[in-house]
Amino acid sequence: MTSRFHTISVLVENHAGVLSRISGLFARRGFNIHSLAVGVTENEAISRITIVAEGDNYILEQIEKQLHKLIDVIKIRSVKGAELLSRELMLIKVSCSPDKRAELVAIAEINGAKISDVSQTTMTLELSANEMRLSAFEELLKPYGIKEIARTGVIALQKGANSLNS
Amino acid sequence: MTEKMTAAKALVKCLELENVSTVFGYPGAAICPFYDELTHSQTEHILVRHEANAGHAASGMARITGRAAVCCATSGPGAVNLITAIATAYMDSIPIVAITGQVCTDQIGKDVFQEADITGAAEPFVKHSYLIKDAQSLPETVKKAFHIASTGRPGPVLLDIPFDVLLEEIRFSGAADYAKLPEIRGYKPNTAGNKLQIKRVIEAIQEAEKPLICAGGGLFNRYAFTLMREIAERADIPVVNTMMGISSIPGEHPLSYGMIGMHGKPIANRAINECDLLILLGARVNDRAVLALNQRELKVIHVDIDPAEIGKNLPATIPVVGDIYTVLEQITELLPEKKHTEWNKYLRDNAESPPVNPQYQPQISEKTINPKNFIKILNRLMPDDTVIVSDVGQNQIWTANNISLGESGRFMTTGGMGTMGYSVPAAIGVKKAEPLREVIAICGDGSFQMQMMELATAVQHNINVKIIIMVNNRLGMVRELQTNRYSDNLTAVFLDGSPDFIKLAAAYGINGDYLTDEKNADKALITLLASKKPYVLQVSVDERAVSLI
Ligand SMILES: Cc1ncc(C[n+]2csc(CCOP(=O)(O)OP(=O)(O)O)c2C)c(N)n1
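As they're listed, the protein sequences go chains W and U.
For what it's worth, the numbering used here labels the leading residue of the first sequence as 1, then goes sequentially.
For what it's worth, the numbering used here labels the leading residue of the second sequence as 1001, then goes sequentially.
Pulled out of the complex, with its shape left as it was, chain U reads as follows:
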């Protein structure tokens, strides 16, 4: 039955109909009508301590559930604070729906208190945005927003809703009104790959002597990585991955050769340089990864949902536009078995990294530990289905290169945008969605200080994330760059003045410990993993430790 209700109430109903269990947000006057209605709903609100972190938390939740997650903020400063997270989700292709309050319709454009043109400001970073001026159109607009965010190439969609619109009465019957997706003329993402192209893919794989799969972050959509593994196994194709593609194939899988790129494994880069057929699956080959490719004659199969990515950075011999899951299904239907024994043996024989140049061996001074070893110890001790969320910097590279996840493990990082301060809020989002899984954020002492206010969020809402801070008292990644490219002229990378992070955690009522000796790593990590509450481990790393291999 069609009821009359405020648009704010209808919005809450729409979120329920989208099965949104959690909204991450931060209130303010303009969005209060929505908050008021939210109290009458099963949908839970998690109060973050900075709006950007509401967006990152939604990103974490979306990545682990594979469904669009929701964050919200008030008009003006609240909305503007959200931009970093929206941009991060855009670059990393993560489906989030961001809801912002806006000043009253008749005040828009008049520079009133807390007005910001957020649809304008966020335009370069959204898949799409709506400024909802007609209250009656709200339900169908919300429906479109979720559809656009989560189909095709996923990304953030922004809904900006003026205060008076939220309060306006509309007719809305709930489920019946909401069921049908309104026509969006300009949005018809491809799903299946072109049949002819699929045939060419099969032929190319048949003909190739040295095929190679490069697995990207797109493979996490609809668990498409399971099909990728099947294809690799059936046709005996070795697999390398981008940073976003880590954990799409188990690290110990006999066909897995690790991460490519400037910070990647030598054998992975070698495989890319020597293969005769490169199969890019859900990978954008952004500039960093492409560094590993020299300009040679190479057959490239590129499967991507976004036609604009195909041929943007690397010419594709066989482009396949389509939903990665569907395309891989099409390929598995036709792909015969094949062996590439020689090629695999060659890679296997050379897989052992050459002895690390002593210059590149991480320094281990007194009271510090080798970060690479530390990650390997963590890897050994943690449960198989652990979710690792790494931040940005040296800590990210150490983690990416030394973590080796099994069938069910998951690695997340912001490979596209590289936003410091991502790991803790994203981990909070993941843990909220999957409370039974171990979720560990790994960050540096620089990035931790961009997100440490979120300790309160974890405590307040009993979200038991574990946090590992690699403390080198430096913005390590930039320090390393200055050492290598600017004659070690170190500037603005010293983090003196930082607090004792364990005391800081204690101030939030969070337990933690210091780790300064590799001998104690097992014990420290066992304690961290055993904790039923948030826990912080501060790991001392030498200030000169390097991340480049």
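With the rest of the complex left out, here is chain W:
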């Protein structure tokens, strides 16, 4: 069995301590988290955690079963490739003297990124995309000098009409 990345959506009770229970479980069972993102759902009492974890199918099965044992976990679904709608938001601050601005604006436009902040010496761009496109965008900006990057971690929904609530 080969190791690969799995995207797992988890609905949990929205109260203090839940995140530490989840991250503690991953740590003590030796599961590798690649990224983790949390936010409240349409129901205020419920949060949605999206975890990208690495492992073979046995590990994935154990992750799901062990998560299930947490009383605060309401629902879990690991979404497979073709059904997966996933996005991550990246903020990226690059060195940019006034004479380079036009060039960077063009790059942003071609890639569907937004300009979110400009200073005398820098420009901050924002891009929401899947992981691969984010990496490609980062590569593209490297020659300008990357000063800082912040990424949210992947969030995901299943494509089509189905939802985790149903």
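I should point out that these hints are in silico values taken from the structure, not numbers from a laboratory.
Keep in mind that the hints are not guaranteed to be accurate.
[Unchecked claim] Here are the computed distance ranges between Cβ atoms for each label pair:
no.	chain 1	residue 1	chain 2	residue 2	range
1	U	E1297	W	Y58	13 to 23 Å
2	W	R151	U	K1133	42 to 52 Å
3	U	R1185	W	G24	53 to 63 Å
4	W	Q158	U	L1181	49 to 59 Å
5	U	I1108	W	I110	47 to 57 Å
6	W	K75	U	K1299	50 to 60 Å
Please read all numbers here as calculations on a predicted model, not as lab measurements.
For every residue, glycine included, the Cβ atom is placed at its ideal position computed from N, Cα and C.
Add chain U with the ligand to chain W, keeping to what the hints say.
The following block gives chain U with the ligand in isolation, referenced to the frame of chain W:
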């Protein structure tokens, strides 16, 4: 009628509504409001001498009653001392509700005196925990705690309650408010097994030529072992057990072949290695037991309440997730009779253990006795419904391998965690619940010294447990390991400096005796069994005696 009362009082009322007759605990400032209210209740408090032992006593009580039992401790050091017992109950799947006091809500996180983040610290070892910050939610939280601890795969639940919350007034009407279980969205344990899977189980048993049941500790939930015995008899299936499963089938039962694993019986391991269908019932097959299984093609039926256990250590051909009692009921409804005469005859013919390698024969020097024989003598003399609680170490292996309980006997040990110091407090918990049964703790001189303060608990509360200490002046199990794996380079296993345990018992006002000669074993044990008070028997065992077969 809805009354106003402090949350502490409501907590005591909730325990009464849960029919909790006994709380094992140790007080301190933070939990005093609860203690204050407890004095007005029928619920009795047993003062232990160390918080871990409050947890172990609750574990013993829970195991014998099949219901969640309660222990409590104060904030900070008291709570932290409880962790060993919580972790032990977790690994052994025992339902306990642990209540800890906590510093005031507005002080939490400020490192004030006797503050410990106990819900954080205990997180890896609890089935669930609650830090109760909203006093009004206390009754429903207690209700959830008992429900979670005792349903599904049983385990410890921790309730951490700040001092100010205990003192806060809430509205609580008692029984009426408490009757309904609040919705717990994320907790819906399976009960019945999937019908299709049950059908596959029946088919597999029908087809198998050499089926084998491996009985685990899960079978003690709701006396499910009675159904297991029925299934084994109806389909003529031999039974082996894990250490946690000892006493789920009588030792003398014609289908019983004893304990598997590294310390198990050769015939039990042989049965596992040669069967064509392995039926795991409430057994986790942890790594020690799995050692006995080689990696061969084997059909495995695994019945467990915890889906995460199925396929974790051993791939299951037919997984059945469900409450073991319900699943076994489903199986008994459909299972036809069958004979496996040849397979059983084969096992029976080979059941006699091969002559023990002289190297492995327990040494019996002067003034020591053969521990295996000793357990057999005890087995012969004790009442049928005796509860044996063994500690950890060589004493545990000798007991596990040589005790042979009847229909009503019960064996307990911490097979999952292996916590030294478990036997005496757990026996206290068992005896408190079942005062008419003989309850005997068996431990080593090392483990006894981790729990000997509990002699006072037994005396103070008239809990008449019997204690057998196997004295070899060594941490015997580790000594044996060092002999076998580290060229007999013995270190840190010598117990010189230990007291004379009978004199120590006498200091507590407890009678006891020394046993140094097998000839006197009957007499010594008859005296122990006849005692109406706690009693300690110190049994001398050779320092080189071995436990491996
Ligand atoms: C709390 C704890 N500490 C350490 C161990 C490791 N350990 C397992 S068996 C054993 C020796 C037990 O010695 P004793 O109680 O004298 O029993 P014996 O093996 O001699 O029968 C030790 C130290 C343990 N199981 N539990």
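Check: Broken hints, numbered, in rising order?
Finding: Violated hints: 2, 3, 4 and 6; rest satisfied.
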